Structure formats: C-alpha cells, structure tokens
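2 protein chains.
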Amino acid sequence: MTKKPLILVTNDDSIVAPGIRTLIEIANEFGEVYVVAPDGPQSGKGHAITLDQSLRCTEVPSDGPQKEFKVSGTPADCVKMAINVVMPRRPDLILSGINHGSNASVNVIYSGTMSAAVEGALERVQAIGFSLCEFSWEASFEAAIPYVRKVIKATLDNGLPSGVCLNVNIPENDKAPYKGMRVCRQAIGNWVEEFDSRIDPSGRPYYWLTGKYENYDQGDDTDIAALEQGYISIVPITVDLTAHHAVATLNQWNFEK
Amino acid sequence: MTKKPLILVTNDDSIVAPGIRTLIEIANEFGEVYVVAPDGPQSGKGHAITLDQSLRCTEVPSDGPQKEFKVSGTPADCVKMAINVVMPRRPDLILSGINHGSNASVNVIYSGTMSAAVEGALERVQAIGFSLCEFSWEASFEAAIPYVRKVIKATLDNGLPSGVCLNVNIPENDKAPYKGMRVCRQAIGNWVEEFDSRIDPSGRPYYWLTGKYENYDQGDDTDIAALEQGYISIVPITVDLTAHHAVATLNQWNFEK
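Protein chains in written order, with our numbering: chain A, 7 to 263; chain B, 7 to 263.
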C-alpha cells in the first residue's frame, strides 16, 4: 500500500474499554485512525442495528493522533455511521476489539465485536475482530499485542477475499508465551443455558440468562482446539450464511406431497 | 412422526403482530403449540441476547388451543426461555414469523425473525423462519398460507440436516398467485446506507438510519431472483460462519514477515 491506510477502530465494550484503547495504539502504528465506538457496553448485541430510535454521534477528546467519536448505538451502527457520516472516505481497514472475552466457536453469532467486522465484510472493507479470552476489565493485553500487529500487517499485505473478515481470538494470559498463530474453522458447540430465576420485591418472577459453553467438536483444526493448545486462532468468517451442502438435499424434497 | 409434534412459535414483530397470529393458526394444524414471543417489536435486533438486564416471561390469554407467553427480550431470548423455562420438553420444531418484511439476501444477518430460527439450529431443533416481502401491518397473508403449510409439512417429513435452518421468503401479494417454491442460495448484496440527519430543539444533531438494498448478484439461483420471478424462496442457513474456501488462502499467508 503506497499511502497510509485509513483505519476505523470500533468495539462492543464501549469507547473507554482498555481493549479498544490498546487497539487504537496499535492502529496508530499502521495508518490514519478514526475511532467510532459505542458510548456504552453492547456485548451480546449480535448484528443488531437501531431502527426504532435515532442515533447520536459526538466527537470526544482524543489522547493521541486519532480522531474519536462515540455513538449511542450498536457496533454495526458505529460502522455504518463511520462510513456514511464521520470518515472523509471509505476506510481501508476496520479493526474491532480487543474484546474482553472469547468470541470463538458459536460466540461469533452473538458477538457485537464480530458484528462490526461482519459489517465491514458486507461493505467490502477489510475487517478484523480481536478478542482476548479473559472477561476481566483489568486483564493484560501485553502478550497479545505482538500477534495483533502481525495479523494486521499480514492482512494489509495480502488482502482478504471479498465478503470475508477475520475472527481472531487470543488465549488467556496464563497460556502466554503463546505458541503462535493458527488458521482454523469455527468449532461446533453451543451454550447450554440455564436461567437464574428470582422473585422481585413485589413477588413476581424474573430471570437472568446464564449458561456454559459445551464443545461438541473433537477436530484439531478448530478455534477451540487452537486456543486450548495456546495458539492464537484465526477464523475467516463469511457473510454468506447459505448452507450450500444442504441445497442439493432440499432439492430432493417433495414440497407438493 | 408418530406422536403429535411439539411446536414453538415466535417472531420479532411481537406477540400481537398479524403475521404471528397467522402462523399460530397454521401451527395448530400440525401439533401442540407453545407461543413464546417478544412483548414488543424487535426488528433488526440480529442475534442479540439480553445479558445486561433480567427478563420477564408472562403467560397471556390465548385465543386457541396454544399456550402463550410474552417475553421482555429478543427473539433469541424467547427461544432460550421457551426451551429452558416454558416448554414441557424440547420442541420438535420452531417456527418464526411470519415477518412483516423481506429477510432475503443479507437481511438474514440483521433479522430478528431469522435469529430465532438460527437459535433453533444451534439447539439442534428443526427451525424455519417465514417472511412476507411486505412491511405493512395490514398486508394479507392469504396467498402465503398454502406455501407455509407445504414447507412445514416437508420439513416434518424429511428432517433438516443438523445445524441448518430454513429462511423462507414469500413475494409481495401483487405477485400472487405464486409460481411455486424454489430452493436458493442467499443473494450477494448490501444495504447502501444514508443517514437522515436532523437537528433537535436544543440545536444538537441526531441521525435516523435509512438505506436501500442493492443487489450485486446476477445469479438465477438466488433468493432475490426467485422472489422477483414470483417464487417462494427457500434458503438453507448454516450456523457455521467459517469461510471454508478462505482457510487454504490464509494458510498461504506469512504472518511472521
């Protein structure tokens, strides 16, 4: 790339989260940076967009060369707002994260972090979502930083296929020093939900969603396997949700019976 | 199936929407029906789940043999609540919709209706999302009903592959009588967004998300093509978002350069 790339940084943990502050610092090494991120936590918002309310977008003070804007919406809203309202031209790269918590396996479907990357892929902009497999707000990103740099550099050097973004997950800090990086597929698994049922002061029931991830996939080529073994997992994610293998099966069904 | 199937009906337009009332009537022909649906509109909520608030789940009066519950959350929350709290056993089939508006092409990614079906696929329960390509609350579902029946019957007869659900879209009423049904792939396209920028009474700007769908796909095997030609489109949707074709490409990248 001859000129400095224009980079959008966003996330789902809000513009003040330590993870995005780390990612902004790294992004500044690679190009001209705009931060357009939610003004509050948006975890678990999937690919939600805001249709029933209007949005605010406000420039906020920056602690570096980047320009920063907070948006009263979801990560997908932030990407749309950045591309259509805030940025001087379409970005060359979208970076989302670094998320506080894993987005491996089926978490990708619920993830606000990854929805911003998927929104980039829909817009045909290169996009990468980064997640550290630690929920704590205080978790250290130090061991992750060199790998985040490598993935950004390789993406700018090689270019992603159209309609594809990257889901990059980084193991917990107790697995550092990490063994390296591995290109993977999304592990098959699911959240086994339980609801924590409580009674409010008026005697009426209410429920908190809780649950535990169960891995159904014994493959060594999955993101879950890579993370367990101390590797950074890199899964290319598509915006085409068609189950292509099932098209032929369904064509054999008799719908008129 | 020897015994009467247990069917969950949900949607994203809320439990009072004409589309779900139509779908409940059809579901009652096929099995024992539980309705667990949002207590208010949830359009565009993608695969959001509610982690930052607790949920209410309240039984409401039913106008037929079905049991009905409203939930203060998203369509994905409703499916989790139905399976884990409300229903006597895991459902045999999840039906979502009938949505007021198209969920063809990339709309599947933003769709609350389809997130309920995808949640079913994650739970390894057969699931179908139905959408009529008309936004109006008053739109007639009459022409759609025989096709909704056919798709439900074929799904119960044949069984969907594991981890796959169906995205069924029905053309506008002015295309009825419909030409039939077609198994398709998701068309490649995108929303070209514009923001309607306004100034509030205090002089501060705010934004409404608007936009227009652009189809980039000339294939005759897409959902958009089928709908334009007056066919019901049936796209099998996978919960595996891996861009499998890109894994080999990425393995050729040098991440250590």
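These are computed hints drawn from the structure, not numbers from a lab.
Quick caveat, the model's predicted, so the values are computed rather than measured.
It cannot be assumed that every hint is accurate.
Heads up, the list lumps identical chains together, so a pair's fine if it works in one copy or across two of them.
Quick list of in silico lysine-lysine cross-link-like pairs, DSSO-like style, CA-CA up to 30 angstroms [claimed, not checked]: (1) Lys263 x Lys181; (2) Lys10 x Lys156; (3) Lys76 x Lys9.
Review point. Between lysine 10 and lysine 156, at a C-alpha cutoff of 30 angstroms, which is it: within one copy, between copies, both, or neither?
Key: within (17 angstroms within a copy, 56 angstroms between copies)
**Study point:** Intra- versus inter-copy proximity for lysine 181 and lysine 263 (alpha-carbon distance at most 30 angstroms)
**Key:** between (56 angstroms within a copy, 23 angstroms between copies)
Exercise for review: At 30 angstroms max between alpha carbons, let me know whether lysine 76 reaches lysine 9 within a copy, between copies, both or neither.
Suggested key: For lysine 76 and lysine 9, the Cα distance is within 30 angstroms only inside one copy (27 angstroms; across copies 54 angstroms).
Of the numbered hints stated above, none is contradicted by the structure.
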